[in-house]
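**Student:** Protein chains in written order, with full-length UniProt numbering: chain A, 1 to 252; chain B, 1 to 325; chain C, 1 to 326.
Rather than coming from a laboratory, the hints here were simulated on the basis of the structure. Hints may contain errors.
[As the list claims (entries may be wrong)] Ranges between beta-carbon positions, derived for each pair: (1) 225/B - 243/A: 30 to 40 Å; (2) 126/B - 179/A: 48 to 58 Å; (3) 36/B - 186/C: 49 to 59 Å; (4) 227/B - 179/A: 45 to 55 Å; (5) 179/A - 8/B: 34 to 44 Å.
[Unchecked claim] In silico lysine to any residue, SDA-like type, Cα no more than 25 Å apart, as pairs: (6) 110/A - 13/B; (7) 227/B - 54/A; (8) 13/B - 24/B; (9) 9/B - 105/A.
[Unchecked claim] Computed footprint of chain A on chain B; a stretch qualifies when at least three of its residues, placed anywhere within it, have a C-beta under 8 Å from a C-beta of chain A: (10) 71–77; (11) 217–227.
C-beta atoms are modelled at their ideal positions from N, C-alpha and C, and glycine is treated no differently.
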Amino acid sequence: MISIKNISKKYGEKHVVDHVDLDIPKGKIIAFIGSNGAGKSTLISIISRTLSKNSGEVYIDEKELKEWKSKELSKRLSILKQSNYLNIRLTIKELVSFGRFPYSNGKLTKEDEKIVDDAISYMKLEDLQDRYLDELSGGQRQMAYIAMIIAQDTEYVFLDEPLNNLDMRHSVHIMKIIRKLVDDLGKTVMVVIHDINFVSCYADYIVAMKDGKIVEEGATENILKSNVLKEVYGMDIGIHQINGKNICLYYD
Amino acid sequence: MLDKLTDRKRKTKLAILILVFMTLCFAAIFLFVGLTEKNIHFYLPRRLERVGAVLLVSYCIGSSSVVFQTITNNRILTPSVMGLDSLYMFIQTVVVFFFGSRQIAMMTGQVNFLISVGAMVFASWVLFFLLFKGEGKNVYFLVLAGMILGSFFSGLSTFMQVLLDPNEFLVLQGKMFASFSNINNDLLGLCVLIVGICILITIKDYSSLDVLSLGVDHGINLGISYKGLVLRNLMVISVLISVSTVLVGPITFLGILLVSLARQIVPTYKHSILITVSTLLGCLSLLGGLLMIERIFKYETTISVVINFVGGIYFIYLMLKESKK
Amino acid sequence: MINKMKRILLHRISWIVVLIILSIISIMIGVKDFSLRGIFTGNADDVNLVLISRLPRLISIIVTGASLSVAGLIMQTITNNKFVSPSTAGTMEWCKFGVMIAILLFGGRSSLVKMGVAFICALFGTLLFMKLLTKLQFTNAIIVPLVGMMMGNVVGSITSFFAYKYDIMQNMSSWLQGNFSLIIKGRYELLYIGIPFFIIAYVYANKFTIAGMGESFSQNLGLNHKRIVMGGMVIVAFITSTVVVTVGSIPFLGLIIPNIVAIYKGDNIKNTLFDIAILGSIFILVCDILGRIIIYPYEVSISVVVSVVGSIIFLVILFWRNKHAR
Chain A
1 MISIKNISKK YGEKHVVDHV DLDIPKGKII AFIGSNGAGK STLISIISRT
51 LSKNSGEVYI DEKELKEWKS KELSKRLSIL KQSNYLNIRL TIKELVSFGR
101 FPYSNGKLTK EDEKIVDDAI SYMKLEDLQD RYLDELSGGQ RQMAYIAMII
151 AQDTEYVFLD EPLNNLDMRH SVHIMKIIRK LVDDLGKTVM VVIHDINFVS
201 CYADYIVAMK DGKIVEEGAT ENILKSNVLK EVYGMDIGIH QINGKNICLY
251 YD
Chain B
1 MLDKLTDRKR KTKLAILILV FMTLCFAAIF LFVGLTEKNI HFYLPRRLER
51 VGAVLLVSYC IGSSSVVFQT ITNNRILTPS VMGLDSLYMF IQTVVVFFFG
101 SRQIAMMTGQ VNFLISVGAM VFASWVLFFL LFKGEGKNVY FLVLAGMILG
151 SFFSGLSTFM QVLLDPNEFL VLQGKMFASF SNINNDLLGL CVLIVGICIL
201 ITIKDYSSLD VLSLGVDHGI NLGISYKGLV LRNLMVISVL ISVSTVLVGP
251 ITFLGILLVS LARQIVPTYK HSILITVSTL LGCLSLLGGL LMIERIFKYE
301 TTISVVINFV GGIYFIYLML KESKK
Chain C
1 MINKMKRILL HRISWIVVLI ILSIISIMIG VKDFSLRGIF TGNADDVNLV
51 LISRLPRLIS IIVTGASLSV AGLIMQTITN NKFVSPSTAG TMEWCKFGVM
101 IAILLFGGRS SLVKMGVAFI CALFGTLLFM KLLTKLQFTN AIIVPLVGMM
151 MGNVVGSITS FFAYKYDIMQ NMSSWLQGNF SLIIKGRYEL LYIGIPFFII
201 AYVYANKFTI AGMGESFSQN LGLNHKRIVM GGMVIVAFIT STVVVTVGSI
251 PFLGLIIPNI VAIYKGDNIK NTLFDIAILG SIFILVCDIL GRIIIYPYEV
301 SISVVVSVVG SIIFLVILFW RNKHAR
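The shape of chain A in the complex, shown without the other chains:
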């Protein structure tokens, strides 16, 4: 269980995250939505300890971030951020193997290698595993990073805009994998997504943010309503039932 209390982050005088409290339900896909600059990425960076906070507490399984040893925490919680520019040349397999670092300290055991292979096949990357990352397309690279996160095998997974710059096929593939991670392996995945229709089709729970504060949270069907979305995005969004799914139309 992850719960955060009174988290704030300031840049200069501006509160990017403004006294936020949140309990994150377990075993679900939780989508963070909101306009650019609403504080979604900052919030999940703070929870995943990749960004320092100005005040407040983050409890992961009843223990505050400070009390966790970094290495122990990395067996419970993983995060994948947006910019993944690499200075070094790695093959997919080498990258995915890094996911086992918290367990093996760089020296892979037989068991680690099996987990790495499984992660690669989970993402259907077997044919590409010896290719260098810089030879791949953006979508393939993103798949490789997600394979690394899968190899890391943590209960909690944070993904910051995993669909950024991806085509539809890769986006759907990634969302299906996330669904499987939750349904089959019982993980909790927290994901920042801009495409509201992916949220509608895949997420179980939504946290909506605006100006550094959480404005609404709840089960997907309760949040995906025109009046709520109007408050979050400040624009009229129509919701239509198509094939049993709520689809948002906001193009005009």
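Starting from the known structure of chain A, fit chains B and C onto it as the hints suggest.
**Tutor:** Showing chains B and C alone in chain A's frame:
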């Protein structure tokens, strides 16, 4: 599938073996060519000391540059480019200025060296906060700031040397600071000890540094204790730079050459391999350079000049390449 | 409007007063005692001292400070980059290289020959640098001075390589470090050649600004971009080589003075040129006076003082610009 990986590992091993062999050859030539029964007692110990110094300096520069590039996450910064060796020379001057006696022997003695190293470790703290205070500082900004700082420190050192002895400060400068023709042998033993301790401290960090080369966020995600790791290694870097500067003086562009060449020869992210290869390359180029310049062309004191020439051109090339990305 | 003019005028007059006061101080300082009264009463010793040593020194300081700062301004305007100057574009190093060549080939007795060769080298090096800039189109302003300084380093190492090889290091080191203490009557007059270029710079100021906007922009306004850039670089190379041959190299000056003036007066060359020139002179004069009194009766050479003071100011400017650029 697996063959490709083992194939690369084999190639890496082969490359290291060849480098070791070549280094041994060069060292042998350097040590034994021109020895006769008469001069062996005079030359051999001195040459041994110089080979030892070359080995130490190569490790110091190779290791500190590789690690520094990982910490700052880029391919063009090295401690020397950031002006750390000018900082060392400045600190040494300050130490002589305030604590030194007027005798030259005292000026380059062990006590002064240790005080200077202590000051350098302190300076690495300051550098730590400068590097990590602003989130996501521009690399070129850091390089430029470092170069200006370098020229500030060397200006200030010259200034204090003039104050020490306005008439003969050039002589003083020559005696206070080592160069390849004037390796500081007195401190060699102490330096071996210090470098040994540094290796012990950092060798278990190599795998964490491998992870860090994925970037800070991935590193933290995978559970490295980022701040401790960086601070510890910056401190070791400052000590290694002090050792190499006190032994042979500043060689600004050697580090960048060694690391880039090592990355070309063994394309790996593993610090243990990168550091080994850059150290070997350092031995090879320094011994080769010394042999060429001293035995074949019979000049003196120009090896640093040659390194800075080649290194400077290479640095421009690297910058142009990196800035296009 | 009139009020503004008045304020600018007042500003300038106060700078001039400062310069005059500093000049008098500069003339008074020295190992050999003399009194100002001696000059007015016609004391032969005092008058001679001033004419042979003190006055040449003062004049060369003023001319050096003004002309190097203006050279820096021209370079910054043409490249439209605040971090470019004779010392950060490698021009100084090319001058030294030229001096070395002149000493090797012609024995280096005549300053005019040295100057000529230094000028050609400096012009070549600076144009090469400019070529590189236009070809590569750097997006990051800070890369430009880095490339320039590195090129300077490379040229500098060639210079010292040959200087070692032909054993003229001793001879060269006087050009490696700027120094006013050797300036006496008959050894500084070369600096005067720089003055006409100063006037040309003033006349062409607007055109440099336009050239800095880029090639297509200036062509649009009907200006020959190449010719203006060439003209500017000739002026810069000329000024730098006269200074290097007579005084020696002085780092950072051309960079920091235009930046300081730009911070309080903006970037219009017509307005700032005079201030930059006079502030450059004042800066060097202050540094020189400092260098002469700190370890009196000895002297700290001007390049050491400037590299300490100048690099601090450069760093401040660098941090300031980095902060305000965003």
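**Student:** Any hints from earlier that this structure breaks? Give me their numbers in increasing order, please.
**Tutor:** The structure conflicts with hints 1 and 4, although it agrees with all the remaining ones.
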